[in-house]
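With the working numbering, the residue at position 8 of the sequence shown is 8, and numbering never jumps.
Please note that the accuracy of each hint is not assured.
What the hints assert, rightly or not - Restraint ranges, calculated between C-beta atoms of paired labels, are given here:
#, residue 1, residue 2, range
1, R62, A89, 45 to 55 Å
2, D50, R21, 53 to 63 Å
3, D33, D82, 53 to 63 Å
4, V65, E36, 32 to 42 Å
5, G29, K7, 14 to 24 Å
6, V59, F34, 43 to 53 Å
Since the hints were derived computationally from the structure, they do not count as laboratory data.
The beta-carbon is built from N, C-alpha and C at its ideal position, and this holds for glycine as well.
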Amino acid sequence: MNRPRSKVGERGQVTIPKRLRRSLGIRPGEEVDFEERDGALVLRRASHSDALDGLLGLVRERPDVDAYLAEARGPAWRAALDARKPKRAKRPPKKARR
Numbered sequence: 001m002n003r004p005r006s007k008v009g010e011r012g013q014v015t016i017p018k019r020l021r022r023s024l025g026i027r028p029g030e031e032v033d034f035e036e037r038d039g040a041l042v043l044r045r046a047s048h049s050d051a052l053d054g055l056l057g058l059v060r061e062r063p064d065v066d067a068y069l070a071e072a073r074g075p076a077w078r079a080a081l082d083a084r085k086p087k088r089a090k091r092p093p094k095k096a097r098r
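With the hints as constraints, model all of the structure from the sequences given.
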């Protein structure tokens with residue numbers, strides 16, 4: 001089998017062959033991790049740094065957001081039940097004890 005090769009540039013840069021980038025799903029701008037293992041250099045896609053990115057795809061069915069909000073908020077406003085009640089008159093302050 002013909003192994004892909006790449007030269008190390010002056011600044012230590014290496015081009016990952018297109019065939020390997022495609023098979024590993026590495027896209028431009030994506031980060032990779034390096035590891036030395038038994039005298040070999042191992043490169044792998046970096047793990048997700050954003051916690052939300054790791055959650056992508058976990059929900060299989062589409063949630064009904066309107067139903068959730070209706071349940072969370074409770075019944076809708078009704079004038080007969082929710083109209084403002086008249087304010088009570090303030091009581092005069094209590095006399096201080098001596």
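If I claimed the Cβ atoms of G29 and K7 lie 14 to 24 Å apart, would that claim hold in this structure? 22 Å, holds
Cβ separation of D33 and D82, checked against the hinted range 53 to 63 Å: For D82 against D33, whose Cβ atoms are near 57 Å apart, the range 53 to 63 Å holds.
Per the hint of 32 to 42 Å, is the separation of the Cβ atoms of V65 and E36 within bounds? Cβ of V65 to Cβ of E36: about 48 Å, so the range 32 to 42 Å is violated.
Evaluate the given range 45 to 55 Å for the C-beta pair formed by R62 and A89. Since R62 and A89 have Cβ atoms about 54 Å apart, the given range 45 to 55 Å holds.
Status of the given 43 to 53 Å range, CB of F34 versus CB of V59: 33 Å, violated
Hint check for R21 and D50 - Cβ pair distance inside 53 to 63 Å: The hint (53 to 63 Å, Cβ to Cβ) is violated, given that D50 and R21 are roughly 22 Å apart.
Checked against the numbered hints given earlier, this structure breaks hints 2, 4, 6; the rest are met.
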